[in-house]
Amino acid sequence: MDNFLVMKDITKVYDNGCMANDHVNFSARQGEIHAICGENGAGKSTLMKMLFGIEQPDEGTITIKGKTVNLSSPTRAIEEGIGMVHQHFMLVPSLTVAENVVLGIEPTSGLHFDMNKAIEMTEEVCKKYNFNINPRARVMDISVGMKQKVEIVKALVKGCEILILDEPTAVLTPQETAELFQQLRALRESGKTIIFISHKLNEVKELCDRVTVIRKGKTIDTFDTAGVTEADISRAMVGVDILLEVEKEPAQPKENVLVVKDLGVYNEAGKKVVKGVSFSVRSGEIVGIAGVEGNGQRELIDAITGLHVYSEGSIKMLDKEVSSENIKGLRKLGMVHVPEDRMTMGIAPKMSIKENMIADKIDDPRYVGRILNKPKEIKEDTDRWIEEFKVLCENGEEQINSLSGGNIQKVVVAREFTSYNRLLVCDQPTRGIDIGASEFIRQKLVEMRDEGKAVLLISADLGEIMNLSDSLLVMHGGEIVAYITDMEHLTEDELGYYMLGVKRMTPEEIGGALHA
Amino acid sequence: MLKDKLAALNIANMKAAQKHSILRMAVSIAIGLGLATVLILFTSNKPSESLKYYFTAPLMNASYFSFWIQKAIPIMFTGTAVCIMFSANQFNLGLEGSFLFGGLTAALTNLYIAPNNPALGIPLSMILGILVGALITFIPALLNRLFNASIMVVSLMMNYVCLNFSMYLLFTYFKNPASSKNTYPWAKDTIMTLKFGRGNNQFTLFLSFFVVLAVVILAWYFLFRTKTGYKLRTVGVNANFAKYVGINIVNVAIIAQIIGGMIGGLGGACEIMSNYTNYSWVELTGFGWDGVTIAIFAKNNPKYVPLAALFLAYLRTGAMVMSFKTNVQNELTLVIEGVVILFLLAEKFLSGTYRKMIVAEAEAKKAKAAKEAK
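Here the protein sequences come in this chain order: A and B.
Note that our numbering numbers the first sequence so that position 294 is 294, with each residue one more than the last.
So our numbering is basically just the index in the second sequence, starting at one, shifted up by 1000.
Please keep in mind that the hints were generated in silico from the structure rather than gathered at the bench.
Hints should not be assumed to be uniformly reliable.
Said to hold, decoys possible - Lysine-lysine pairs mimicking DSS-like chemistry, simulated, CA-CA at most 30 angstroms apart:
| # | chain 1 | residue 1 | chain 2 | residue 2 |
| --- | --- | --- | --- | --- |
| 1 | A | Lys379 | A | Lys361 |
| 2 | B | Lys1366 | A | Lys328 |
| 3 | A | Lys218 | B | Lys1366 |
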């Protein structure tokens, strides 16, 4: 059926006045995998939120099988046969797989929750669609790839016909991705319609039947993927040809800036999550950290940046022990930090762009006199940075949360990169932002390296981390399992084996990460 | 320059968010006043006269006018204090205590340290009031720092500790034995006022009005033009962010509360010296709570505090005059205040209109962009 799902003239304006969707048209057939591509902020997520009833369109109609539907809430959407797997999983960690799967449609016997029936329902769907999951396992004990399967099963149990997957591969290793694709193909065979949102064009090309490109809140076109190349899709996404790889000269590392030695970190639950980690970052090089999320990277970075205490080993920033400095002291030493979650840590949302840019420099005598601030100097410099970092805004007085994600990130990067710095800790610097802004930030990182800064880069984007890093650490289970210096001959597959913990280097090889 | 300012005030050029915020304020007030009108019409035996007093009394003669200003001053003090504490997201409600002790301190200063010497008594009372007020809001902040005790709960308790302690002091040491609850007088007439005319035409000039205006202006400069004020607002907007950029959030939170208490104590001192000749407070003044109301009206910006305080005081003066001229109860004004605040704080109130406004704005922006592209 050609018009299984039709979204017609959908318009959505957000409270901050941003027109996220401007008369978007989208349609999907039954039994196809349909990709939606677009830069971040293009409006893909907004469109899908409306399809799943999380947001309501200001204009336009949605029809399923020829019937106009009013998706006023996710509950309504589920009733209409729509399922969604969010980028951040919506699972209860302390419950079992089966309990999570039946959440919202719990089977009961008498007044009790019927656990056996729940397991039966889960197993039935798993068997039908060939998912290999243990319904009795607790969600907190299973891997990320497994959690995603649980999310899919959760949607299937509720009888979904249309399955939306929002960047499903972002958290997966290459091997897990391959397995996911197999399962999605099987679902397609059984007549399900799958909407696949992704930034990764090679995946779109490999998996999907058709692709709809959205740019700046408008539908650009829908193509058969067989007939187009990745370059064609990316051109449609950004409107111009773009360079996908940042060009850079080989690094010329000098002295150590950051030295981490035998570091051990415990998380809040008292579990040791970073175990015996040693490495150094030298001035003039980019050291990457790769790993599946939740393998200790978070705690490692928090320890380095002074946000989390560590009890074993040492972290030295220019020969000063990090634990004996407060954050202000670390910043004075020249450690700057682009945090992973820009909305909760990277900005003060209700303040202006200008105030956000100046936040870490407010004690600098250039910007404050003995009592009062110096508005002229603040304005001069922030205006210059807005221009230099290409922040798209009316002026520096604009409230920062009225900007798009990419521009907010540019403000964060501008603030950090314009402060006195010797070491840049960049945690997912381009996550969830558009190609243009990502490109710009990557270029800046290489520039900073060439100026002799030390850069520690953490990224879940394998393409990015393989392209930018001069050497690469891989973390698994809280340990460093590989130290890779030959970036040119590293394949995604090999990296995947290290990330999954299938392969690991010898302690001698890993020891090379700590330079004298 | 002036032209720019006028353009900035032009409603048509305003962003939807600002327009909506003004609209919501106006509609909330209109509903409150509308309700007041209805209530007066139903309960008054002389409705037209009651309405006249309710809406215009403060402007009828010099005496009522002075009364209006007198009512506005203490809530300007406490409103400004709350603006500063709330800007840092510190819900310290100890202002009642600060205000009360500011007043007591001023009374004792004028009675025992500088008797019959207002030239010394007034400034000294203010300074001591500031110190005592700061101490009272500092205690909850300190307990929070040391023992992680809830600031809100401790500060609320503090108010009653202050009240009972002040009553103990009053009844045990300072009461005039010939009276039930008053101290000896420190002067024949209030020492911080100048009075002109007589009867209904008596105009009172409150020196504390100038003090509070200075406080408002300084508070605005502090919040928006100094680095400490900037840090304070940053902590209020996003404490995680503040910590990450290297701001000492604990210190900033304590500073905000100390400054709040200082202003509260100063307010209490001014109140005593403007309106009393002896000390007789045996209950909390309520001005600390009013401060919260004013800060809500002013959206935590000291700039709007005088406006909000004058507005509230106007309604209260009108209600007061109405209640002694006609039979309508004074408490009516509390109902109105409650209704207005309810609508102001109801986030979803008029959100439908807001959606239409922002959709229209986005369409207009798009059309303008398209036009420019051509």
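Open item on the list: Hint compliance check: list the failing hint numbers for this structure, sorted ascending.
Closed with: 2
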